[in-house]
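Chain residues, written in single-letter form:
Protein chains: 2
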Amino acid sequence: MPTNQQIHLDNRPVGEAVASNFKLVSSETPALQDGQVLVRHHYLSLDPYMRGRMNDAKSYAQPQALGQTMGGGTVGEVVESKNPKFEVGNTVVGMGGWQEYSVVDANQPGALRKVDTTHIPLSHYLGAVGMPGVTAWYGLVKIIAPQVGQTMVISAATGAVGSAFAALSKARGCRTVGIAGGPDKCKYAVDELGFDACIDYKLHKDAASLSKALKEACPNGVDGYFENVGGMVLDAVLTRMNAFGRIAVCGMIAGYDGLPLPLAYPALILTQRLKVEGFIVSEHMEIWPEALKELGGLVATGKLKPRESIAQGIAAAPEAFLGLLKGKNFGKQLVKLI
Amino acid sequence: MPTNQQIHLDNRPVGEAVASNFKLVSSETPALQDGQVLVRHHYLSLDPYMRGRMNDAKSYAQPQALGQTMGGGTVGEVVESKNPKFEVGNTVVGMGGWQEYSVVDANQPGALRKVDTTHIPLSHYLGAVGMPGVTAWYGLVKIIAPQVGQTMVISAATGAVGSAFAALSKARGCRTVGIAGGPDKCKYAVDELGFDACIDYKLHKDAASLSKALKEACPNGVDGYFENVGGMVLDAVLTRMNAFGRIAVCGMIAGYDGLPLPLAYPALILTQRLKVEGFIVSEHMEIWPEALKELGGLVATGKLKPRESIAQGIAAAPEAFLGLLKGKNFGKQLVKLI
Numbered sequence: 052m053p054t055n056q057q058i059h060l061d062n063r064p065v066g067e068a069v070a071s072n073f074k075l076v077s078s079e080t081p082a083l084q085d086g087q088v089l090v091r092h093h094y095l096s097l098d099p100y101m102r103g104r105m106n107d108a109k110s111y112a113q114p115q116a117l118g119q120t121m122g123g124g125t126v127g128e129v130v131e132s133k134n135p136k137f138e139v140g141n142t143v144v145g146m147g148g149w150q151e152y153s154v155v156d157a158n159q160p161g162a163l164r165k166v167d168t169t170h171i172p173l174s175h176y177l178g179a180v181g182m183p184g185v186t187a188w189y190g191l192v193k194i195i196a197p198q199v200g201q202t203m204v205i206s207a208a209t210g211a212v213g214s215a216f217a218a219l220s221k222a223r224g225c226r227t228v229g230i231a232g233g234p235d236k237c238k239y240a241v242d243e244l245g246f247d248a249c250i251d252y253k254l255h256k257d258a259a260s261l262s263k264a265l266k267e268a269c270p271n272g273v274d275g276y277f278e279n280v281g282g283m284v285l286d287a288v289l290t291r292m293n294a295f296g297r298i299a300v301c302g303m304i305a306g307y308d309g310l311p312l313p314l315a316y317p318a319l320i321l322t323q324r325l326k327v328e329g330f331i332v333s334e335h336m337e338i339w340p341e342a343l344k345e346l347g348g349l350v351a352t353g354k355l356k357p358r359e360s361i362a363q364g365i366a367a368a369p370e371a372f373l374g375l376l377k378g379k380n381f382g383k384q385l386v387k388l389i
Numbered sequence: 052m053p054t055n056q057q058i059h060l061d062n063r064p065v066g067e068a069v070a071s072n073f074k075l076v077s078s079e080t081p082a083l084q085d086g087q088v089l090v091r092h093h094y095l096s097l098d099p100y101m102r103g104r105m106n107d108a109k110s111y112a113q114p115q116a117l118g119q120t121m122g123g124g125t126v127g128e129v130v131e132s133k134n135p136k137f138e139v140g141n142t143v144v145g146m147g148g149w150q151e152y153s154v155v156d157a158n159q160p161g162a163l164r165k166v167d168t169t170h171i172p173l174s175h176y177l178g179a180v181g182m183p184g185v186t187a188w189y190g191l192v193k194i195i196a197p198q199v200g201q202t203m204v205i206s207a208a209t210g211a212v213g214s215a216f217a218a219l220s221k222a223r224g225c226r227t228v229g230i231a232g233g234p235d236k237c238k239y240a241v242d243e244l245g246f247d248a249c250i251d252y253k254l255h256k257d258a259a260s261l262s263k264a265l266k267e268a269c270p271n272g273v274d275g276y277f278e279n280v281g282g283m284v285l286d287a288v289l290t291r292m293n294a295f296g297r298i299a300v301c302g303m304i305a306g307y308d309g310l311p312l313p314l315a316y317p318a319l320i321l322t323q324r325l326k327v328e329g330f331i332v333s334e335h336m337e338i339w340p341e342a343l344k345e346l347g348g349l350v351a352t353g354k355l356k357p358r359e360s361i362a363q364g365i366a367a368a369p370e371a372f373l374g375l376l377k378g379k380n381f382g383k384q385l386v387k388l389i
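From first to last, the protein sequence lines are chains A and B.
Just so you know, we're using our numbering here: the first sequence kicks off at 52 and counts up by one.
Just so you know, we're using our numbering here: the second sequence kicks off at 52 and counts up by one.
A few of these clues could be false.
Since the list gives no way to pick out one identical chain from another, each pair is judged satisfied if it fits inside one copy or across any two copies.
Using 27 Å as the maximum straight-line C-alpha spacing, the simulated DSSO-like pairs for lysine-lysine come out as follows [said to hold, decoys possible]:
id : residue 1 : residue 2
1  : Lys256    : Lys133
2  : Lys344    : Lys377
3  : Lys74     : Lys344
4  : Lys165    : Lys356
5  : Lys238    : Lys256
6  : Lys326    : Lys238
7  : Lys193    : Lys253
Everything labelled a hint here was simulated from the structure, so no lab data went into it.
Computed from a prediction, not measured in an experiment: that's the story for all the values here.
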């Protein structure tokens, strides 16, 4: 049995999450039972939603248990199998968590899925052709429901969700505007991801200033907004929403550290007759096949070229995750485990 | 030609609206052109949306023009007609404004509608079987879409919208909880309007205290909320929303006087996967016939017994309106003009 290094949640953050909330632990992988599969992880996905689970608060997901391996999406290969549906060498995607190996009861529906790496690199199944890509798809297609010629805006534009959103939105004939932090990310958004414009929120000290920049980038107003951050950015975009605009609320990363961030002008929801809808993509499994098909096609044909930030080795996961929460990543944040 | 007393908007409010924003003016009604009808108003409707129109601000409706008669819904009778579709004595509902008579181009679609007063008193066409009733219907049926056994909450519970909402919600098998100001209104909500419980928000100094009262009144949480007021009440109800709850935003009366009221915990929209949607009932004319049919049936069968606050004479309209904004009315606020 190989030795398995894991990252546990050791204690909960008080305010900002810090490295000492996590603990590196070594264990032996247990012997397999019938139906189980041993997966060696190639990549671990780091995602903003994990910060929410570190709190012991009412939320959509159970809080991450203390003293247990942090949960998270993984891709890897089967190295041992007692399940007839999987054989050694299969490339698979699952929820293996922050560790080098996982033992998976592969008969549980959705626990482990074989993926084809002929045209799509394995790591992309954690990003553009995985949960983040489907997240962008659901928010855009099912909540925002864009029409040709409308203007779409997304915050955290160069992340895994933002990259996929740009390709999906452009494919629907929409003006597509990103909001990101810093000139490098904004240049990349326009040059590589296909955004029509990208606004550097770090150049703006308040919502009024950011709102002015949005007016220039969105001369016809904003019809759809995909919300990843909350706070000042949400306040600014709200002031630019057109009548009957739709806001898909996917994340409020700005408020994860404790102090709730109020929304300055909720009356705009009424005066502009907006629809604001929160969602969790894992609650809409019925749309995954359709979304993954479109996303896979966009990657295979080069219309979606997602960038990845890759940290090396399981011990690097906590720092990489804390960096992600501060926007230090550039594209999809992964940890390489081989 | 009869003399026609009118209330004009003389100047815009700075902060709170005051009586001196209005001006009483006398004029002669002009001679009728072909296709026109002269209507003598029996009742004028006073509604919270009118406060929004007094500001010169971006909103769903054009601002009320200065030096012009205040707009508003009216019921009355035809006293002169140069239109073959209307004859003297017809009872009609229209948008005659804050005045005793109006000249209506009755060929304009929707400008004037004949109504039957056999089973429904004329004034109710401005309330339960008019715009406020249809407003309750649209928010409940089209946005909240209640299911049997769910819990519905409405603020401003004893107003024209709230009364209709209670009857419509109970008819759909929902636990129905009101929020109103003062013990008399709360007792009336339960005894006369059919609410299962009613919370007196005046007993609560902050959202946390109101939230605790809501927990008692809504032991299974809140699935649908019809928002008329905003501010502290909205903050409190948000903390009690169940997963996949729906909020229909119809009014934010608490914020009309200038200072915008922030929303304290927008992240709940995400964590509870809420849908929050603003609407203006006049933009959904296609549902009016279905809604009016149900509302008329509820009134005719005594299941909806709306209460009215009636001020006498056009000169009394400004004070009655300012009282409405402060919640001094009890039931639908009208001005009797005959």
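Give me the numbers of the hints this structure contradicts, sorted from smallest to largest. 1, 2, 3, 6, 7
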